[in-house]
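Asks: So the protein lines, in turn, are chains A and B.
Just so we're aligned, residue 20 is where the first sequence starts under the working numbering, counting upward by one.
Just so we're aligned, residue -3 is where the second sequence starts under the working numbering, counting upward by one.
Incorrect hints may have been included.
[What the hints assert, rightly or not] Taking beta-carbon pairs under 8 angstroms as the criterion, some of the chain B residues facing chain A (in silico): (1) Phe320; (2) Gly334; (3) Thr345; (4) Ile346; (5) Ser350; (6) Ile457; (7) Leu502.
Quick caveat, the hints were computed from the structure, so don't treat them as lab data.
Where is the CB? At the ideal position from N, CA and C, for every residue including glycine.
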Amino acid sequence: MTRGATRVAYALIIGIAVLIAGLNLALPETSALHPSTFVMSLTGKYLSYAILALSVDLVWGFAGILSLGHAAFFALGGYAMGMYLMRQIGGRGVYGNAVLPDFMVFLNYKSLPWYWHGFDMGGFAILMAILVPGLIALIFGWLTFRSRVSGVYLSIITQALTYALLLAFFRNDMGFGGNNGLTDFKDMFGLKLQSDAVRAGLLVATAIILCLQLALAQFVVRSRFGKVLIAVRDTESRTRFLGYRPESYKLVVWVLSAMMAGIGGALYVPQVGIINPGEFAPGNSIEAVIWVAVGGRGTLIGPIIGAVIVNLGKTWFTAILPEYWLYALGALFVLVTIFLPNGILGLLRARRSGKAEARAVAP
Amino acid sequence: MLRAALLLLLVLFGPLAARAEDAPANPGWSLLSGSYDDLRHGVEELATSGAPNVATALDALMAGQLVVDGDSHLFIQADDGSLVDAITGAPVGGDAVDADTLRPIRVNNAVRRAIEAALGNLRLFSTDPAIRRAAADAVFKARDAAALPALDRAIAQEKDSSIRTALQQARAAAILAGNAPEADRLAAVATIAARGDIDARSVLASLGDQPATVATAAATALTSLDRIAQLWGVLQSVYYGVSLGSVLLLAAAGLAITFGVMGVINMAHGEMVMLGAYTTYVVQQFFRDHAPALFGLSLPIAVPLAFIVAGAVGIAIERGLIRFLYGRPLETLLATWGLSLILQQFVRTIFGPSNREVGTPDWMSGAFQLGGLTITWNRLIIILFAIVVLAALMAVLRFTALGLQMRAVTQNRRMAASMGIRTPWIDALTFGLGSGVAGIAGVALSQIDNVSPNLGQGYIIDSFMVVVFGGVGNLWGTVLGALTLGVVNKFLEPIAGAVLGKIAVLVLLILFIQRRPRGMFPLRGRAVES
């Protein structure tokens, strides 16, 4: 991707977010141009998904690791943020317990479990939203890459990882709200979460963080480190013979990607207002992969486009033709892999280079 | 002798002479119309008398249907008011009795207990062996020393050896309840310990207040019973594990074949299982509508049909989709996942999202006891079925031309192609075979799981685990993987709970691939790196 295109992408992402947020705050609700709070939260949700797609592309597009469990890191980040938001409810819950969240009172907890301590502080929660996915990715990646598990084997194991977390978070005794997850949030950083101003702020923050992550990813793949990574993706054994340690390169990018996904999840939860174990479902992770495939694997900007387009389609389909969404999604998987192996961006690029070739030949 | 003759007369001429013949067959009868104490003694007397119709009369007494008229004649009055002579069992015309003088015989709790005990003892002499056996068990559980005389007589005349054993065990329990000498009690403890079931266990556990030697003997017997029970528990877990493993084996065998030959993971494999289950449902609907009498045949017919349906869909998937994605296993994974979504939604559109009712034929339902194991027929048949399917699959791989070519392609695709094997056809047929086996697995799963569009999803991750664990080198790896995962799962379940057990298995698997990244039976040689 050229630097020009990247600049356009930054401008578009932040521009759209600021435009929607600004219009929502500036115009009265009666105005035809006033975007509803729902639209604002929806845009924020899409941009959070775009962060997840970006993180998937970083490992799949540049290290050749097809993760079928990346939504797990996203959800872990989301749970960290959800725990902070739960603690912010304080004594305003149904049971009025100042320390324990409602579901803990309901399940007869006497005191806060140790891992819930510190989540009354926003900064700590954000740190955890990055560190916990990072730590789990580190352990998992260290175990798998070191033993040279790769290809479909690795994909299946990542799916097993998210499946195991799904089962774990469904349990009530895990202390994460079981089946119902965490919801009924009230405040964030002392401000009312339901207010338009906070929603607008969250949207703009998501857009800015997405751009920062894009910049980071661009920096990583253009660095020397990124070049080795691409070599690992293309021929792992040859890179190893040249004296590099592919597993270390993979591990670094894997952990980085998991942390990025965690931040995405932390931004996602306050905007949709709930986090539950369903987010760990293997299907979610695979859907995130198709966003990347639709937009264009290995392009960084493509996945952002793919995440937004596919989710727009999902919103539209589930509202108009709910029974046909799965047909459409299934067809998307099949058609994109067969006819659009390089995604939308790949198609555009092929066109442009085709035209350039034509120009070069014509005169 | 006289009494017997009279009884015979009563039976023969009863219907004619019921009112005229007043000589009571047994003094017990006359006591029934007296006070509560008389009543109780009468019941006990009758119970041991061996007189006919006693059981019926006592049942009626219990139900408040035994009535007595002014002349102390006993009748059983049915709900519709008709009368039967209680002693002879002969019907009595309505005009023969002065209905105004009839009064029901009331009972109190002491009498009720006596009746229950008496009925229990009476059944010991029933002509129906099943009733005798049940009565022996009831007496065993009642632990009533008063039943001893009846038990002794019953043992003396019992012909069936297994019922006699049950009676002897009941006698042992009764001895322990009374005040027999210590030697008898020790013998009784041994008899009960030999019985060894849960009732015997509770009898032994209640012997703490017996003389020291008896109590010690009981405690020793109890520990050894517990040890045996523990052993059976382990065996039961192994059996459940093997049962789960056979299901996993059926689901994973097809996956292992396609993965081994083509190196692609078919994410729609679970949906092939689901199609097999729905084929079973359709076949059963057909039988329900057109030939309900032949319902037992529905499964044997569903098996080949499910193979054909799922196999055909599999070949269509390979020809229509997978062959375009050659050498791109990760993309194949995504495309087949999309396909699985479409197939699920397709089935949901046609059959609806709710569970479909798949019946179990008579020959597959029920359970039996094997030592301390409870074995249900459907699970056992599925285990046997898995063995048969596995054997058939191995035979195909080993003895047919297709199997030979499949193995060749697995080991070295390019070399096989150079030798004239048409690898695209082998791929298509392999995929068809793997999918067909998945369809057969669906028939088996329809017997133990809900048939819904999500059926396949529940098994796909477990099947993957089997393949990862077993490797793709040969089917024995799949067998080992399936059985290991099944048994480990079932052993962890009671310790850690079903969910944590499953998580533990997944974590163990991730650790396992540290040692063997390509499973227990990895492919060797050049095929590995490609």
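Asks: Quick check on the hint: threonine 345 of chain B CB to chain A CB, less than 8 angstroms?
Replies: Interface hint status for threonine 345 of chain B: holds (7 angstroms vs cutoff 8 angstroms).
Asks: Double-check phenylalanine 320 of chain B for me: the hint is only fine if its C-beta lies closer than 8 angstroms to a C-beta in chain A.
Replies: Given a least distance of 5 angstroms, the restraint on phenylalanine 320 of chain B holds.
Asks: Under 8 angstroms, Cβ to Cβ, is where isoleucine 346 of chain B needs to be relative to chain A, so tell me if that hint holds or is violated.
Replies: Since the shortest Cβ distance to chain A is 12 angstroms, the answer is violated.
Asks: For the hint on serine 350 of chain B, does the least C-beta distance to chain A fall short of 8 angstroms?
Replies: Interface hint status for serine 350 of chain B: violated (15 angstroms vs cutoff 8 angstroms).
Asks: Tell me if leucine 502 of chain B is really an interface residue toward chain A, meaning its C-beta lies closer than 8 angstroms to one of theirs.
Replies: 4 angstroms, holds
Asks: With chain A as the partner, please determine if isoleucine 457 of chain B meets the hint condition of a C-beta pair closer than 8 angstroms.
Replies: OK, holds: isoleucine 457 of chain B within 8 angstroms of chain A, min 5 angstroms.
Asks: Could you check if glycine 334 of chain B really has its C-beta closer than 8 angstroms to a C-beta on chain A?
Replies: 2 angstroms, holds
In terms of the numbered hints stated before, the structure departs from hints 4 and 5, listed from lowest to highest.
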